[in-house]
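The residues making up each chain are set out below.
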Amino acid sequence: MKKRKWDALSLYMHYIRLSIRSAMEYKASFFLQVASQLLLSMTTLMGLAFMFMRFHSVAGYGYADVLLCYSIVMMQYSLAEMFVRGFDTFAGMVRRGEFDRVLVRPRSEILQILGSRFELTRIGRLLQAVVVFAYGVSHADIFWTPLRIMTLLSMLLGGILLFSGLYLVYAGFCFFTLDGLEFMNIFTDGAKEYGKYPIDVYGEKMMKFATFGIPYALVQAYPLQLLLGRSDCPLYALFPLGTVAFLMVCHAFWRFGVRRYTSSGS
Amino acid sequence: MKKYVSFFRNRFAMGLQYRAAALAGMTTQFAWGFMEIMVFRAFYSANPAAFPMTFEATASYIWLQQALLAVFAAWMLEPEIFDCIVSGNVAYELCRPIRIYDMWFARSMAARLSRVALRCFPIILVALCLPKPYGISLPPSAFQFAVFLCTLVLSFLVSVSFYMLVYVCTFYTISPMGLRVMVGSVVEFLSGGGIPLPFFPERVRGVLEILPFAAMQNVPLRVYSGSMTPAETQRAVALQLFWLAALTILGRVLCARAERHATLQGG
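These protein sequence lines map, in sequence, to chains A and B.
Per this note's numbering: the first sequence = residues 685 to 950.
Per this note's numbering: the second sequence = residues -11 to 255.
Chain A with its partners taken away, still in its complex shape (with noise of 0.2 Å):
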């Protein structure tokens, strides 16, 4: 059992690199990519500034406490779109009937799916995200404790489970519709467009859907205010674990569309 693991493993990291091979025979575009990548999220860093020239605070967050905000949601979605955007484009696998193909392979196509695609050109707004969080970390004076290192771990790692989940939802419902649904957007872009203001700036309404049903608060708001310094409790560090529930319920949701699956035809 244990050595299927590690197999599995070896075999996700081949997918990987034959996807990073595969991007490097295409290099100009590649980089090219990357930059509009990183064009295309500068435009919301510019807004953010704009809104803060004329501000200077939003229900008592600073522009530097914003600033890291943004860029631990944006580090989280990228990473997301970098690893799981298999499951983005799953719609069209389901259509052209390959995901026939993956069932038969004595391996888990949960894997598969994954390593279908490994989206490389995320890296640049990875980058970006990074260059605005040391920008927002030199300027929030944060003292760096072991915990808050920690929390900012879990924070990521949280983050890219919680969008994992969601990615594996909208994959689900490709069972059913044979079609991906655009009002998904609202969960993941949305969270991505949206989350770069801690949730509890949308009010209390907002903050109670975001800790219990999608659980968008657990990776941003609440561990947010332990990373600020705006509260002591040490539990905030282990709220984004939370978010493991929240893919196993959505895994759950997967699975049952994988038994109902009856291929597209074609």
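Take the hints with a grain of salt, since some may be wrong.
The following label-pair restraints were derived from C-beta to C-beta distances [said to hold, decoys possible]:
1) A:Arg785 with B:Arg245: 26 to 36 Å
2) A:Gly887 with B:Arg84: 53 to 63 Å
3) B:Asp90 with A:Met726: 27 to 37 Å
4) B:Leu238 with A:Gly897: 47 to 57 Å
5) B:Arg7 with A:Ser947: 19 to 29 Å
6) B:Glu220 with A:Ile833: 50 to 60 Å
7) B:Leu126 with A:Glu866: 29 to 39 Å
8) A:Val815 with B:Leu238: 33 to 43 Å
9) A:Val928 with B:Phe230: 55 to 65 Å
10) B:Leu126 with A:Lys711: 54 to 64 Å
11) B:Leu126 with A:Gly887: 21 to 31 Å
Hints are computed from structural coordinates only; laboratory data are not their basis.
Glycine residues also receive a C-beta, built at the ideal position from the N, C-alpha and C atoms.
Fit chain B to the known structure of chain A by using the hints.
Positioned in the frame of chain A, the structure of chain B alone reads:
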């Protein structure tokens, strides 16, 4: 003229077919509108004095922007036109006794209008029913509304003629990707798609108001809520007319040049 009208009619009818997509799009736009308004509410309670317009006007601005998204959106370019240039199929179009620029202009207009026709009314209706500061408020007067409609038509034409330049440029660059991304993000932001133009710093706004960007979506949205003085409106309309003329002339010249030197891609 008649042929362009029928191009328009065909594309318009085709656009009306995508009703499920329109429904999905509307849900997204509602969600965006709500989030956007909540953001501005938070900023408003942080410092109401720093607001460049009333909160009601901001809410109207946001809802109208969501309802009329397809009129202005910079990322809603026609993939078919790009494909036809990249694949070389544009050769067939060049053989026809039509002006490509006008045909594509009619096409883009129809594509955008059909999207708006399906989406704008439900959004506006719901936004009208929302409680006071969060929904669309009625325009201050019938005259103001008429001015709004005029500026809306003008900004629609300016937008389409601006995006025509992107199509025409594809003749020169062949790969549309770079330009599309550039236009999709930068132009969208500069014309007030991210945050409304009045929230920009004074200096930046001054420059953008002279450039075509403000003429593309900012003007009608601000005219609607009456947050522009008559003098400002006159100046804005004059600038819209100027940019419409400038952009269409530039587009036609570039297009005519491209047609003469077009290298057909693909075989």
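Is 27 to 37 Å respected by the C-beta to C-beta distance linking Asp90 (chain B) and Met726 (chain A)? 35 Å, holds
Taking 21 to 31 Å as the hint, is the beta-carbon distance of Leu126 (chain B) and Gly887 (chain A) inside that range? Holds - the Cβ-Cβ distance for Leu126 (chain B) and Gly887 (chain A), about 26 Å, lies within 21 to 31 Å.
Quick one: are Arg785 (chain A) and Arg245 (chain B) within 26 to 36 Å, going by C-beta? The hinted range 26 to 36 Å is violated for Arg785 (chain A) and Arg245 (chain B), with Cβ atoms some 49 Å apart.
Is 47 to 57 Å a correct range for the gap between the Cβ atoms of Leu238 (chain B) and Gly897 (chain A)? 50 Å, holds
Does the Cβ-Cβ separation between Gly887 (chain A) and Arg84 (chain B) fall within 53 to 63 Å? Once the Cβ atoms are compared, 57 Å apart, the range 53 to 63 Å for Arg84 (chain B) and Gly887 (chain A) holds.
Verdict for Glu220 (chain B), Ile833 (chain A) (Cβ pair) under range 50 to 60 Å: This hint holds: roughly 52 Å between Cβ atoms.
54 to 64 Å as the expected CB spacing between Lys711 (chain A) and Leu126 (chain B), which holds or is violated: Since Leu126 (chain B) and Lys711 (chain A) have Cβ atoms about 57 Å apart, the given range 54 to 64 Å holds.
Outcome for the supplied range 55 to 65 Å, where the beta carbon pair is Val928 (chain A) and Phe230 (chain B): 59 Å, holds
Given a hint of 19 to 29 Å, does the C-beta separation of Arg7 (chain B) and Ser947 (chain A) actually sit inside it? Given a distance of about 27 Å, which is inside 19 to 29 Å, the answer is holds.
33 to 43 Å as the expected CB spacing between Leu238 (chain B) and Val815 (chain A), which holds or is violated: 37 Å, holds
Is the gap between the beta carbons of Leu126 (chain B) and Glu866 (chain A) within 29 to 39 Å? 31 Å, holds
Checked against the numbered hints given earlier, this structure breaks only hint 1.
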